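Just so you know, the sequences run in chain order S and F. Mapping the first sequence onto numbering that gives the first Met the number 0, position 86 (from 1) lands on 85, and the numbers just tick up by one. Mapping the second sequence onto numbering that gives the first Met the number 0, position 116 (from 1) lands on 115, and the numbers just tick up by one.
In short, the hints are calculated from the structure, not lab data. Model, not experiment: these values are computed from the prediction. Mixed in with the good hints there might be a few duds.
Claimed, not checked - Subject to a maximum C-alpha distance of 20 Å in a straight line, what follows is the list of computed SDA-like cross-link-like pairs (lysine to any residue):
#, chain 1, residue 1, chain 2, residue 2
1, S, Lys113, F, Glu156
2, S, Lys113, F, Met2
3, F, Lys148, S, Val55
4, S, Lys142, F, Met83
5, S, Lys19, F, Arg42
6, F, Lys148, S, Arg51
7, S, Lys142, F, Gln86
8, F, Lys148, S, Val72
9, F, Lys44, S, Asp14
10, F, Lys16, F, Gly50
11, S, Lys113, F, Phe155
12, S, Lys140, S, Asn9
13, F, Lys148, S, Val127
14, S, Lys142, F, Met152
15, S, Lys60, F, Leu3
16, F, Lys8, S, Ser64
17, S, Lys142, F, Gly90
18, F, Lys149, S, Pro88
19, F, Lys148, S, Gly65
20, S, Lys45, F, Glu63
21, S, Lys142, F, Arg117
22, F, Lys148, S, Ser86
23, S, Lys78, F, Lys148
24, S, Lys78, F, Phe142
25, S, Lys60, F, Lys8
26, F, Lys44, S, Tyr58
27, S, Lys45, F, Arg62
28, F, Lys149, S, Ala81
29, S, Lys19, F, Gly22
30, F, Lys149, S, Asp79
31, F, Lys16, S, Arg51
32, S, Lys142, F, Lys149
33, S, Lys113, F, Lys8
34, F, Lys148, S, Ala13
35, S, Lys19, F, Arg54
36, S, Lys60, F, Leu135
37, F, Lys148, S, Arg96
38, F, Lys148, S, Thr125
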Amino acid sequence: MDQIDRNLLNLIQADFPLVKEPYRELGRLLGLEEVVVIARLERLCKSGALRRLGGVFDYRKLGYSGTLCAVHVEPERVKDAAAYINSFPGVTHNYLREHHYNMWFTVLAENGEKLDEILGLIRENTGVREIMELPAERVFKIKVNFNLE
Amino acid sequence: MSMLSEQDKQIVRAVQKGLSLVGRPFQAMAEQLELSEEELLARIKDMCADGRIRRFGAVVRHRELGFVANAMVVWDVPDEQVAMQGQIMAGFPEVSHCYQRPRQPGWSYNLFTMIHGRSREYCAAVADRISQSTGLTDYRLLFSTAELKKSSMRYFE
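When you get a sec, could you build the whole thing from the sequences and use the hints?
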């Protein structure tokens with residue numbers, strides 16, 4: 000990844016042009032040919048640095064419910080528990096962290112009832128007795144731009 | 000909150016799939032939705048303006064970009080200070096996310112900040128600076144040791 004890639008990623012994290020020919024417009028802004036922009040984006044996708052180009056939605060404004068969950072899972076059960084928990088499409092993030100509560104995941108569902116249903120299934124099928132639910136009560140910041148300068 | 004029309008939902012489904020890397024990526028999408036490109040772009044801009052789309056653009060994998068350390072820093076903040084301290088923490092460019100969350104039995108931490116950095120030491124130093132500028136000393140860093148899943152939500156599917 001070179002400085003041009005970094006400039007490109009910085010730009011499209013924040014200001015993706017909503018025009019008919021966005022890659023041509025990005026080329027214009029960066030002094031590159033459209034084909035070069037597309038080739039670089041293809042490469043960044045292949046390398047894994049770029050996950051997706053598109054809309055990031057506010058789940059609340061789409062009517063969805065969500066929460067962060069923390070659970071304690073015995074080390075020998077982590078793999079199985081993670082496989083089950085991650086099998087729900089609404090579980091979008093799951094991390095192991097250094098704490099008694101060692102598994103932290105987020106769940107989104109169409110409504111509160113469906114959310115409770117998923118958490119109930121996780122309790123039943125993973126042997127995790129207690130799920131600590133930590134829904135966001137107030138958002139001070141959601142930044143998803145990583146400055147690559 | 001306004002309800003989403005069936006067409007709005009179709010637009011969400013199309014937009015979350017991601018843009019293809021072709022000259023006119025909105026064209027095929029618009030055709031499928033039986034909209035003109037102009038109409039589709041206008042609808043996407045509307046969704047950006049009303050906040051249903053929080054951001055339109057690249058979703059990156061920060062680990063692949065060198066942000067390999069990721070600390071969830073949790074703070075026990077007196078309730079009456081949460082609004083002010085949350086604002087201060089959000090002002091740190093190193094903080095990517097900052098939320099108030101409920102306290103739970105055995106869990107007294109009510110403000111959560113995510114710090115991404117190139118090393119643990121860096122994350123710890125940022126937390127220390129936040130502690131100094133907020134005067135809050137009751138906090139913990141929970142570093143991630145493994146990413147078990149990271150995906151984009153597929154709504155209305």
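Any hints this thing doesn't respect? Which numbers, in order? 34, 36
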